[in-house]
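Student: Sequence:
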Amino acid sequence: MLCRPTSTLRSYIHHAIPRPRSCTRSPPCIPMSTASVTKKPRTTPLIGTHSGTFHADEALAVFLLRLLPEYGQAEIVRSRDPTVLDECTVVVDVGGTYEPERLRFDHHQRGFNETFGHGFVTKLSSAGLVYKHFGRAILSHVLDLPQHSPSIDTLYLKLYADFVEAFDGIDNGIAAQSGPSLYKSRTDISSRIGHLNPRWNEPYSDAILDERFLKASHLAGTELLERVDYTAKAWLPAREIVLEALQSRKEVHGSGRILLFPMFAPWKAVPMTQESFESRHPLPEAWRGVRDDALSKLTGIDGCIFVHAAGFIGGNQSKEGAMKMAIEALHF
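In my numbering, the protein residues as written are 160 to 491.
The hints are simulated quantities; they were obtained by calculation from the structure and are not laboratory data. Each hint should be verified, as a subset may be incorrect.
Unchecked claim - Here are the computed lysine-lysine pairs in the DSSO-like style, where the Cα-Cα straight-line distance is at most 30 angstroms:
#1 Lys456 x Lys317
#2 Lys409 x Lys392
#3 Lys456 x Lys478
#4 Lys343 x Lys427
#5 Lys317 x Lys483
#6 Lys374 x Lys343
#7 Lys478 x Lys392
#8 Lys427 x Lys392
#9 Lys483 x Lys456
#10 Lys483 x Lys409
#11 Lys392 x Lys374
#12 Lys374 x Lys282
#13 Lys343 x Lys317
#14 Lys374 x Lys409
#15 Lys427 x Lys409
#16 Lys483 x Lys392
#17 Lys317 x Lys374
#18 Lys456 x Lys392
#19 Lys374 x Lys427
#20 Lys478 x Lys409
#21 Lys478 x Lys427
#22 Lys317 x Lys282
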């Protein structure tokens, strides 16, 4: 088996990160430059990660750090040389140690079993480590919200679950399901970032890998910012509507089992399990697939329009009729 040698020389990669509050823009790419090792005191922070083949977790970890004001102008150092990494302000995904007080965030060492907490059990990668320690500050800065606000608390957990945890699981070789997969996925972000590495029969050098790493970090960061924007501006407002409906549910019906949304909001029936399409309490079996007058006669409720064959939704011509259908369905 042939292994490609990689240089331990330091590469300084200069790459602009978008101003954090402009999270709906795609980050611009700025030409990469390299500089020789210097012994002069530096005022610019250095973010260290490993050289050679790159992966999605450190690509995201670097982007996350550079969303913080203190690392917004940081230079990236890609090396496996301990003496080079020792000069870095913060090091991710290399170095064999997890010491947050020293800003060292590796996860490859024996005995490492750190998780995100809050009920999550997936072992962290460098992406999860950086997000665990800096995620609240990053979201606060990107969204211009107080770091300890309830919204940041909610978004911090939601974005780990919906975005960052997959980076951790894939990098650590943890399958998302317990049984065999029914198909292969090669379009997830980790696969797409992996494909940015040079192919076996393409030119391969530190300079090429450094340039490709910038593209990988840009890709991970762009999707992160898009997810932050959606979660903060669409998901969170919808959640508030649902929360208000939950709090007022007994005013709608004494059982507290019917929610009434005063305005449209995205919703779905509560599933049997998180990944299931089977509703926990579908509409009655006898109603499913029946429409119009036939449904009105069957239910004894005027104005019925339909009930879906899967039982997760039904309709009526009036609010009063819809409420009667919901109340009647409670008896099944």
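Student: Could you grab the alpha-carbon distance between lysine 456 and lysine 317 and see if it respects the 30 angstroms cut-off?
Tutor: violated, 44 angstroms
Student: Against the 30 angstroms threshold, does the CA-CA distance of lysine 483 and lysine 392 hold or violate the hint?
Tutor: With a Cα-Cα distance of about 34 angstroms, the restraint between lysine 483 and lysine 392 is violated, given a limit of 30 angstroms.
Student: For a C-alpha distance cap of 30 angstroms, please report whether lysine 427 and lysine 409 respect it.
Tutor: Given pair lysine 427, lysine 409 holds - Cα atoms ~20 angstroms apart, limit 30 angstroms.
Student: Take the C-alpha atoms of lysine 483 and lysine 456, compute the straight-line distance between them, and say whether it is at most 30 angstroms.
Tutor: Between lysine 483 and lysine 456 the Cα gap is close to 14 angstroms, so the pair holds against 30 angstroms.
Student: For the pair supplied as a hint, lysine 409 and lysine 392, confirm whether the alpha-carbon distance does not exceed 30 angstroms.
Tutor: Distance of about 29 angstroms is within 30 angstroms: holds.
Student: Hey, lysine 478 versus lysine 409, does the alpha-carbon distance stay inside 30 angstroms?
Tutor: holds, 17 angstroms
Student: Is the hinted pair lysine 456 and lysine 392 satisfied, with a Cα-Cα distance of at most 30 angstroms?
Tutor: Measuring from Cα to Cα gives roughly 43 angstroms; hence the hint is violated.
Student: Hey, lysine 317 versus lysine 483, does the alpha-carbon distance stay inside 30 angstroms?
Tutor: violated, 35 angstroms
Student: Holds or violated: are the alpha carbons of lysine 456 and lysine 478 at most 30 angstroms from each other?
Tutor: holds, 18 angstroms
Student: Please work out if lysine 374 and lysine 282 have their alpha carbons no farther apart than 30 angstroms.
Tutor: Holds, because 26 angstroms separates the two Cα atoms, which is no more than 30 angstroms.
Student: Could you grab the alpha-carbon distance between lysine 374 and lysine 343 and see if it respects the 30 angstroms cut-off?
Tutor: holds, 24 angstroms
Student: Is lysine 343 within 30 angstroms of lysine 317, Cα to Cα?
Tutor: holds, 26 angstroms
The structure does not agree with the numbered hints 1, 5, 14, 16, 18 and 19 stated previously, though it agrees with the rest.
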